[in-house]
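> Okay, here's what each chain looks like letter by letter:
Number of protein chains: 2
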Amino acid sequence: MNTFIITFSITAPGCKILPTKEGYILAKVTAYDLAKKQKEISVAEFFERNKHILGFGNQTRALITSVKEGVDNGLDACEEANILPDIYVEIKNREDGECKLIIEDNGPGVVKKQIPHIFGRLLYGSRFHAIRQSRGQQGIGISAVVLYGQLTTGKHAKITSKVEEDRPAVVTELAIDTNKNRAEVIARDTVHWAKPTGTRVEVSIIADYKRGKRFVYDYLQSTSIVNPHAQITYKEPDGAKHIFERTSEALPRKPAEIKPHPYGIELGTLIKLAKHTKSRKLSTFLKTEFSSMGDRTTNTAIDKANLEKNLDPKIMTREQFLALHKAFKKVKIMAPSTDCLSPIGETLIKRSLKYETQEISPEFIITSSRPPSVYSGNPFQVEVGLVYGGNLPREGAVRVMRFANRVPLLYQQGGCVTTSAISSIDWRRYGLDQTSGKGIPTGPAIFLTHISSTLIPYTSESKEAIADIPEIENEVKLAFRECARKVQHHIHKKVRRVKTREKFDLITRILPEIAKKSAYMLDKPVPSLDAVITKIMDVVWIEDLIEYVKVSRKPVQTTLIEESSQDHEGGTITKSKIMIVNYKCTPQKFNLYAVIPEDAIVGTAYPKPSKIANNYIKWNIGTIHPANKIDVNFELAGLEKGDFDENDLYIENINPAYVIGADKWEGD
Amino acid sequence: MNTFIITFSITAPGCKILPTKEGYILAKVTAYDLAKKQKEISVAEFFERNKHILGFGNQTRALITSVKEGVDNGLDACEEANILPDIYVEIKNREDGECKLIIEDNGPGVVKKQIPHIFGRLLYGSRFHAIRQSRGQQGIGISAVVLYGQLTTGKHAKITSKVEEDRPAVVTELAIDTNKNRAEVIARDTVHWAKPTGTRVEVSIIADYKRGKRFVYDYLQSTSIVNPHAQITYKEPDGAKHIFERTSEALPRKPAEIKPHPYGIELGTLIKLAKHTKSRKLSTFLKTEFSSMGDRTTNTAIDKANLEKNLDPKIMTREQFLALHKAFKKVKIMAPSTDCLSPIGETLIKRSLKYETQEISPEFIITSSRPPSVYSGNPFQVEVGLVYGGNLPREGAVRVMRFANRVPLLYQQGGCVTTSAISSIDWRRYGLDQTSGKGIPTGPAIFLTHISSTLIPYTSESKEAIADIPEIENEVKLAFRECARKVQHHIHKKVRRVKTREKFDLITRILPEIAKKSAYMLDKPVPSLDAVITKIMDVVWIEDLIEYVKVSRKPVQTTLIEESSQDHEGGTITKSKIMIVNYKCTPQKFNLYAVIPEDAIVGTAYPKPSKIANNYIKWNIGTIHPANKIDVNFELAGLEKGDFDENDLYIENINPAYVIGADKWEGD
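Protein chains in written order, with my numbering: chain A, 67 to 734; chain B, 67 to 734.
Treat the hints loosely; a few may be bogus.
Any copy, or any two copies together, can satisfy a pair, since identical chains are not distinguished.
[Stated by the list, open to error] Straight-line distance between alpha carbons at most 20 Å, and here's what the computed SDA-like set of lysine to any residue pairs gives:
no., residue 1, residue 2
1, Lys392, Asn365
2, Lys730, Asn681
3, Lys105, Arg248
4, Lys504, Gly462
5, Lys158, Pro692
What the hints contain is simulated information worked out from the structure, not anything from laboratory work.
Isolated chain A (complex conformation):
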């Protein structure tokens, strides 16, 4: 009988064996049998088994994911408390593949009671419920590192946290009970810690340091470039220490926490919000729980939905919500405020790309930034950059650098929306190779994308790739198309300028020579050739020059209120000199625009500009008589040497065909 049972349980596990008077019989497995197996799965257990979903699929990746989660957490904590981040990362590795990871920040620390939850429990945190741009959003990251450490080494994590300057730090040693998704505090102690406040996480993990080494360095370096306000110190196992210096004393403008935007919000979310609102009237509900909903927009939406302003949102029917939901789409609602997003900005994008291409002297770096947009009620913004030419490799696929909320994304490029967006553009029109006009092009270029959002739609909890949300894909495409157009424009402008310069050189060299010789032969004074040259040239010639001047950096104290850009004044001053020569036969009078990076601060400018906007300076240039010239100078602070290395000039109120060195101003 025994044999029978064993054989059977292998070949037909869909059946069960029932004892009866006649012996054992086979019976079909029923819903009742299955019900016995149906049970809850703890989220920690789920991720313990599916650790690859969290980015711990192999030992190289596990190392980078761990460093990344630790550093992201530290940066978020500091920024949340308006502290300039000082991050310390140390890796100690042992022969047997065990790595000890130490990550320390100078953030506000974590209160004792919350330590077990923050570090020893998945899906717990402060950033999930706030609509605000931050690196961590899921309440999974750092506790996942602790979980992975425990799973692979069986060792406990050690968390040191100091929350007040005049009190000792608390050291907590913890494990995770995965069946319950709760931390077990193994030991607790207090120690003296020199830092005013901060958090230190020590976790032992199984990781491949040898293979991961390069990626950790790359990740920290990229992070440092797009987070110039952070100081990152990295100590390698062999004792080598790398310091990625803080290059800006100003915290980036802190993204504001916002309300959901009515565009793209799901019907279910709308119903849920209404269920939990404190407002008793539909109009108040819309005005208080949503962003961009002023009186007028609210009333229009309610009207279009055929609803009453005074309706109690709590007793509204599904049909009424549906009508309101549909009405949102028919009303023009202001885009969400840019305040909630913190883009990297043109300067840092250029700086990143420049860093990647040092000693390669690429032909040009072009950036493009899209206005903020919304998907499923979440604001987001796309910025892209492109380097071309120089000594970049002509063979092989274009390199793509991806960032999300100022975090470099290193893996899963193939599964990222930015890849599919780039792949869908026919790059052959822009001088790159591409098999049948699809896929990542090949050629001497690097592409960079940054997406900032209050909720980055990562394809998984490992936060390595962005999901193919149509709105995002579209914005990335638009940004790259704009970039590509700028490239074409840039090349066109360059070609035109080179041609005119050749003509100009010829005229200004040969004509005076002829004049001199003729005058000598005729024994007459050398005539003035200005008028003649002007007649031949027949253009307004604009040339420019950029210089960098180092000024002593004042020690800057970050105060609470003045978190403005005035701290930028130390460091490098970028001086731009523009020369305008009128080689036309008639006097010329026009407006000149110089486009400047949004994050630059305009210092002295001469002549006095008629307008200094966020991203340009405008001058009303007074009449320039034929063969006369005028100089325009301005200074920019807040940039590093090389950040601004080419003027982008535009003219207005003059036929653009008359001008070399500037294009028609199309409006800002």
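On the provided structure of chain A, position chain B as indicated by the hints.
Using the frame of chain A, we list chain B on its own:
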């Protein structure tokens, strides 16, 4: 004061305002302030916000994901109860983008008490805790569809379940309270339902039927091909009905539930298992909680770890576990039993590929199957297939068809380990185009991969791509390399055969002509040319022919015990006729092998084979005298017309260079 507060909360949300005697002051945000925001995130809330992680990132995908989760669930339920699946899928779509999805199975049903949990709660189910190959593994799929439906339409899901033939079905209408991750039962009723048992799920979702239409059809078709035991009926919104017929009355061999395998198990999992075991001795613990651990292996492992057999696993230290964990790697442990995996098999892979290339007449279809392997203690097996040539498009990337546990994967190809494995092979050596020897090649080919495992490491909960686990990547690479080698071999064999045939044709056509003419001229009888032809040909010539004969299908009853392949006997009989001619000058005697699909059943075979193995038939061919021939015939059942369309023949005990039409037998 009000204005100040508002302005401030926008520009410096890292600060807070404190009332004092002197008025309001600004204070730094501390850990105490942050602690107020730190809270638990319900898993339903998490996925509601991150619905793209579950495969609901856009409306096209949402449709396919919903159908897929419903159908996978139905198939799993039926197979678990040994019922031949009958799946009904219906989509009704409305102008406004709302789709009503109805998915019905004839499985065992779900007991009333469990319905709210199974369908209205994420991370709940029966398949997570069992190590067994199944489609669903996460306890997320079907409840995610309900969640998405609620989120986008605000409507409740309706579940009908019948668990006993002589009782009515229970209809449950439910919603999900996402804050708690619990179902709310809105209404409950009983109805008459003609089915003996089964489950019917009705969910309204916002989806893009127009774009998704094609994918749903493709998904159901592919599913039907690799699950020939399932009958799938699909009713489109316009009333069109597609029936994907059941073509096999036999359930696939049901994968057995197994214990974890010691290779690749994480230290943490080992410790956890020991903590919860009922065994009091280390040796018993190893033998009862792990697969492939017999007495000898257990003892060797314990010895190598320097531990005692009688040690209580509950009181072992971390160091002792570590020693044991390390010892596992030093001991040769049998691979996990194949019983726990249910590969698709060569025949179904060929059939899938043939279906995709109908009317294209590709040059050949080659498959390759790897032996089972292990990653992190989870057994897995890789099978691949390749179609080449014919009218397949020569431009554009090779098409890749991916399957996991018999489920077609439609999205996230770029993020899948199969893609990176294929990309890392230099396909230029095998006649395909590939930019710098990397990436998905271009050319007239289709690749197919199937991975079966007790735990498919999907990159996310949407189960669309497989994570880059090194062990899996390696197996996929090996499988494709083997495939590629077979391709080369195939081409080589073909070329050789064509050449010899030309020679043969020439000889057998021209020599007799000359002989006839000469005989006529000399008025002598026409001589026998066999000896001459033999001398010139100097080979053993093997030719074969395949015929299909339709036989009337007996109505088959699936019984509980006889879930064997005998049910296959109805349907098509594949007849293979092999002709062997000895064109050598000496008598020949050798062994012949015909490779057959593992899932085919050998019927009559003449002469009598000396061996019928799982995947080949062997004959000891008796002496064939020069210019004599011998016929070898065999029949196969259990295949459809075209499944077996070419003999793969091998010879033994004869110089392979003498033989055309068969290769050297390298052993099985």
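> Now tell me, hint by hint, if it's right for this structure.
Hint check:
no., hint, verdict
1, Lys392 x Asn365, "within (14 Å within a copy, 70 Å between copies)"
2, Lys730 x Asn681, "within (16 Å within a copy, 76 Å between copies)"
3, Lys105 x Arg248, "both (18 Å within a copy, 13 Å between copies)"
4, Lys504 x Gly462, "both (15 Å within a copy, 9 Å between copies)"
5, Lys158 x Pro692, "neither (71 Å within a copy, 76 Å between copies)"
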